[in-house]
Amino acid sequence: GEVEVLHWWTSGGEAKAASALKATLQAKGHSWKDFAVAGGGGDSAMTVLKSRVVSGNAPAAAQIKGPSLQEWAAEGVLANIDDVAKAEKWDSVLPPVVANVMKYKGNYIAAPVNVHRVNWLWANPEVFKKAGAKVPTTWDEFFVSAEALKKAGIIPVAHGGQPWQDFTTFESVALGVGGTDFYKKALVQLDQATLKSATMDKVLETFRKVKGYTDKNAPGRDWNLATAMVIKGEAGMQLMGDWAKGEFIAAGKVPGKDFTCAAAPGTAKAFTFNVDSFAMFKLKNEANVKAQKDLAAAIMSTDFQEVFNLNKGSIPVRLNMDLAKFDDCAKLSSKDFVDTAKSASLVPSVAHGMAVPSAAAGAIQDAVSQFWNSDKMSVADAKAKIASAAMTK
Amino acid sequence: MGALSIRNVRKTYSGDIHILKGIDLEIEKGEFLILVGPSGCGKSTLLSMIAGLDSPTSGTIHIGERDVTHELPKNRDIAMVFQSYALYPNMNVAENIAFGLEMRKVPKAEREKAVARVAKMLQIEHLLERKPGALSGGQRQRVAMGRALARDPALFLFDEPLSNLDAKLRVEMRAEIKQLHQRTKTTTVYVTHDQVEAMTLGDRIAVMQGGVVQQFGTPDDIYSRPATVFVAEFIGSPAMNMLRGTAAAGGVSVGGTLLATHAEHQAAAPAGRKVIYGLRPEKISFAASGLAGEITMLEPTGPETYVSVKTAAGAVVVRLAGHVAEQVGDTVHLSWSTDAVHLFDGETEKRLGR
Amino acid sequence: MGALSIRNVRKTYSGDIHILKGIDLEIEKGEFLILVGPSGCGKSTLLSMIAGLDSPTSGTIHIGERDVTHELPKNRDIAMVFQSYALYPNMNVAENIAFGLEMRKVPKAEREKAVARVAKMLQIEHLLERKPGALSGGQRQRVAMGRALARDPALFLFDEPLSNLDAKLRVEMRAEIKQLHQRTKTTTVYVTHDQVEAMTLGDRIAVMQGGVVQQFGTPDDIYSRPATVFVAEFIGSPAMNMLRGTAAAGGVSVGGTLLATHAEHQAAAPAGRKVIYGLRPEKISFAASGLAGEITMLEPTGPETYVSVKTAAGAVVVRLAGHVAEQVGDTVHLSWSTDAVHLFDGETEKRLGR
Amino acid sequence: MSTPSAAARLDHWLPRLVLAPSFVLSFLFIYGLIAWNGYLSVSASRLLPNYEFVGLQQYEILFQSERWMVALKNLGIFSVLFIGIGMALGLLLAILLDQKIRAEGLLRTIYLYPMALSFIVTGTAWKWILNPGLGLEHLMQQWGFENFRFDWLVDPDMAIYTVVIAGVWQSSGFVMALFLAGLRGIDDSIIKAAQIDGATLPQIYWRIIIPSMRPVFFSTLMVLAHIAIKSFDLVMALTAGGPGFATDVPATFMYTHAFTRGQIGLGAASATVMLATVAAIVVPYLYSELRSQRR
Amino acid sequence: MKNVHRFIIFGLLGVFALFFLLPFYVMLVTSLKDMGEIRGGSLLALPAGLNFEAWGKAWSSACTGTDCNGLQPFFWNSMAMIIPAVAISTTLGALNGYVLTKWRFKGSELLFSFMLFGVFMPLQVVLLPMSQILGWVGLSDSIWGLITVHVLMGLASTTLFFRNYYIGLPDELIKAAMLDGAGFFRIFVRIVLPLSTPILVVTLIWQFTNIWNDFLFGVVFSGADSKPITVGLNNLANTSSSVKEYNVDMAAAMIAALPTLLVYVVAGKYFVRGLTAGAVKG
Ligand SMILES: Nc1ncnc2c1ncn2[C@@H]1O[C@H](COP(=O)(O)OP(=O)(O)OP(=O)(O)O)[C@@H](O)[C@H]1O
Ligand SMILES: Nc1ncnc2c1ncn2[C@@H]1O[C@H](COP(=O)(O)OP(=O)(O)OP(=O)(O)O)[C@@H](O)[C@H]1O
Ligand SMILES: [Mg+2]
Ligand SMILES: [Mg+2]
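Protein chains in written order, with our numbering: chain L, 1 to 393; chain F, 1 to 354; chain H, 1 to 354; chain U, 1 to 295; chain R, 1 to 282.
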């Protein structure tokens, strides 16, 4: 059969990773029709997907993640792949939080690919040494270090002023300042009381304080340029997901030596995950359905999980995998993933569309980003805006 | 039924500008109709309507037996010379001339022959490769002519086709047109401002004014028996002298002077009636006696001289052959035959008698 | 030094098309120069050069004391009527006329007065609000005139400004131009194909042919003493009869017939020399005796009739006043005075004697 | 009156027949889609279109949205400046190029090339140039102009103007081409007449040439206006609506909500409002322009 | 005096040329640098050497999905699409403009204004319904579907351009040709088209550029193996969570722009003056 796969892994390591999947499928005698559309974290791909579905021409699988899976499933266009999941024992190898995201009304409708950790802090140790500061583990320490870096004439925090980056930073601050429970209540369950609580004030104040340590040229900057600032030593640290690691490595830097990966301040015991997954669409052709199921199985296979995540910089979604080939940061990440899964402090990333439906996430992002960018807006205003945004349906 | 009949044709622009106010004209096959009239009287508009480039607000146009009022131009088999030339700027002269033939599927060899023929006739052989932009005014006009003459249509329409040519060329072209017409006997409508063209080319002349045909007749009719003051003044250069007066016994009293008239005129206009006494400048001569006057201006044109004379009956222009010995300021006596007099009603300006 | 001097001006297109081949003209302040010549001889080109719209390939142009050969048009203070009208399509008639004044910062009130004045003069008062697209050919031409006449320039250039007007209007316009010139005494260059215009308006006439000035003189000079066969044939309508023959005792022998000449002519052309015997049609009359011939064509134009006569000496055209009683085919005798004869060299075609 | 022949009748209908396919298709699609979109705007559509009627609810949400108001305001600022500057610059360039310039071909291509480049990548280059830390400001300061400031891109109040700059940069070359084509179509002889009338070169352009290019202005205005209203790539590539949503415009608003956030109903409502706004401005203009151009 | 004028004109033209060229310069030098230089160096600095690696990679080996053949395949897809799309929309636009100016009929202006208003419809509105329609008529995911959409969306503009140019052509020419016996199409082909070069060039530039650079329609309506170059370029340049290779992006952008530039250079020659010289007087 033939599988047409809509994804947005298009360049460099990602593309190689996707090729691995293609090779696996081809080995099973299926043909692979590649439908890659990059851009905006999959915005364009979603547009294409919608029109393909509307024209009655859905692909076999499409890269969809988080609550969107549920939304798509609710439209009745996704296929049930429980038989594959059962055969491959997905329930036992996946942490329940992740598995739940992959299910609609108890049935698997998607196969997860990888896990990104979002709450990372990347730092340039050399710069820290020069400024006599240490890589912070709490927000208080963070500001102390930032002050020191600033005195040394270094931009303390490298930031790219795009709404999703603002939101990513916000999410890490919320997790670090408010803790896991607060995070879940406020940003996953969208509990109005929590969103209006005093903790929220603190989160917003801290968030604004972070901005004070970014440079004024941040707005519009791509995340990787911010990373480059850390690499070059122009800036001291960056709050960003683990994809940032790729930039360091591409620049020839060695983890642990030339750069440090640490959990974002106050979040060492927590893990905001961003899981990529493939939703499986209902198909008419039998042969293609078979190919589709093979695809689902292949995605979750240990071989693929290893190859893919080595290329992508993320970690396998399967628990209990051999991580010998992975670097230190990945190992740390994986360890935290397993630990937090047990301690229930594994939380979905709201900034990356893992926690709440896109409409609400988008509205909250608007409010957060507006607060970040407008120094005139009061904390109370921002809090009210975020709370009302959370009610968007 | 004629070759071309125009019946009660009217044309109105934007609701209230009436250009043609009911034109009726009928000409026979092979006839050469001249249209004359003051600038802006609607001549070009009428030609456009005959060609089908514009449609009448009301009325019909027949070519032969056919009602063509709503027929497309290309189905009317008409060739036209536009007053504004309308040359195809992207084609050279030869292509411009051959285009009409090509559209009618005339074979190449014949087209080339036709182009050569008209180019010779119009003296533009050396220009065949040029684009219209690189031609002089008169050359453009000849190309416009060539485009029509290359064809052999059922009807020719010419809109002032010779106006930009020098006198010599114009005479030659006029002769060519005349010959062509005599040879092919193609029905033709020809607009001109040149009296010589009008008189020598036309079988019949229609004089238009203000969207109305004032007189429709042979050249001789028009010249010798103008139906109205307008026609009389319009044809002939310098224009006919018009002296307003009152019919009296034996003639017309103008400003106290009695000017003699023919017996027939006397009969037509009873004494006391307001009349206009018309006299062509070329019919007047200097004599020993007659109406006395003072010369106010002398205009020698070469073969003749126009003399303006101030008389008791009003200003009179006299056209005399050759040079004139008299000077401005001299007193002269004017004489003419009563046969030469045209008489018009003072109110209606219509011709009286004879 | 004159008001306008054109010195050895040449114009060549694309390297080898020589349009003007060394023009020298000089006119005084207030003079009215008429340019005539066959279509395509370079009249408009010369005007363009005077106006500064085109620059000569070589030679200089002075206006007054100033060498303006490389001066911009707007600094030459010239008003021009274009042969192709070149009206501004986006402006109405009034705006077209006022534009030149506006550019010269004439106050609004004065502009309006000027527009009213020329509109009246050109009889286009009722058209002032129209755009050029809604005008007839003659109306456009008058607007083009109006644009020039509204101004008070150092030099007027007119390129066939009356060609599309009816005879009556043309006479009136001619008179207006003449009056205007008499009043303002503005130096003027005027291209025309109309002999009457040329003869009555011009102080001097330049006859051009093939990019060369053939004769430059007063109207009377040009008409009565044409310097070359070309000029003689070009001016006058119908053209001068030209009979090629050989000088003989007492006259010129043409096809075996001896035509008498004046004594001075006999002196200028020794017997045996190839000469051309020129005779204007209007100088010939029918007589009881004289050169015999048969009438081949009669063309009545109204005031006169053109008669073509086949004689032993060749075809001769005669221009007679009024109607002619004779018919085609009749034999007539032609007579003329030896004073009327023009004699030209048979080779150089230059005027001989007198 | 006679009845025209069959051939004549065909000739009579031919122009309409030629126009028919274009018009029928345009109508079906344009107005069909506008109607469809109108319906969606009163439906409960979220991720995919559905047809559950919810009244004007989407419009209420829309007009309570601060972001939409910002988008509308930005569209106003952007359109006016973009169209105004784009026209002026395009016309200026066309006129300059019309002066028998030797390097015309090269310069024309230079002015046009921004059109050729997809904003997918040009946006990056512009972001760098406009970024105070990387681009112009940085450079000028390095060259010793310490006080040189050019930080609009990162200033929420000014960022929309950088979008104008990039938009003008991209489009004025095409405007130039449109005007140049218009200029080249003008009859030389009326220019000559104006020279004789004593007009200076600027006056000739201003009084004679430009007024007779009215249809070209009309084309240009329509083109620029629709680029302005639909500008999407430009904003996405340069600022992606940021900082915050300071440079959001209706097109990005609509796209984001309809496609990224699964709020098709809201997106449709925004498209309808946008069209209605445009109609209020454009339709009277279209009407008067087409009337007056009729000859 | 004249020289001063020239100097000012050239000065202005030069300044604008610099403004227009600045981004191009940045893109060009970036495409010639390697990533190290880009990360470390100044934006406007010249590259250390001429390094065309990025260009090669962009053309033939960069990954744009699971395939790593660079832009090459997309390039040819775009070519196959653009030629019919531009040809059809330009032809229709020219014919429409011709009818709307020289063969007016009652209501033609009204029809046109309706059509024109359509250009203001946001493109995004088109996407979903159009895919549904293309699905119904069996053109979804095909190059012809894409061509159809481009033609439809371009019609209003091309019609506008031609109409507004043809308005200036003297009606007399059409009349003369009618009398010469030419019919509707022959007048168009023999008289009108030869006088249209400047506007043909403009329309060509507009349509070619818009279609060539369109991303949204290209990505939505094309099939998996008929994706146009912008999709390739987007896939190269627009990744958000992986290492960016700016040099390759810039080189790719320039490669993608080459055909358009070529059109500008070639077509630009036909911006000629005086096409209607000598046509009519008035
Ligand atoms: N661009 C050009 N290239 C070549 N020859 C040209 C060009 N423009 C004009 N000519 C030629 O120059 C000659 C003179 O043209 P010009 O317009 O001066 O004639 P003219 O005397 O005004 O004639 P007319 O009385 O017919 O208006 C003509 O033979 C014409 O064909
Ligand atoms: N579009 C229009 N709107 C209003 N009036 C017009 C329009 N077109 C022409 N006219 C008027 O119609 C009248 C007749 O024009 P036409 O061209 O038939 O005159 P004409 O007899 O050919 O004059 P000419 O001898 O000057 O060429 C003119 O007075 C003109 O002003
Ligand atoms: Mg006329
Ligand atoms: Mg001329």
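Hints are computed from structural coordinates only; laboratory data are not their basis. Since we're looking at a predicted model, the values are computed, not measured. Take these hints with a grain of salt, some might be off.
[Said to hold, decoys possible] Below, a sample of chain H positions facing chain F; criterion: calculated Cβ distance under 10 Å: (1) Gly137; (2) Ala239; (3) Ala325; (4) Gly329; (5) Thr331.
A virtual CB, placed ideally from N, CA and C, is assigned to each residue, including glycine.
Now for the hints, and whether the structure bears them out:
{"no.": "1", "hint": "Gly137", "result": "holds, 4 Å"}
{"no.": "2", "hint": "Ala239", "result": "holds, 6 Å"}
{"no.": "3", "hint": "Ala325", "result": "violated, 14 Å"}
{"no.": "4", "hint": "Gly329", "result": "violated, 17 Å"}
{"no.": "5", "hint": "Thr331", "result": "violated, 23 Å"}
Violated hints, listed in ascending order, are 3, 4 and 5; each of the other numbered hints is respected by the structure.
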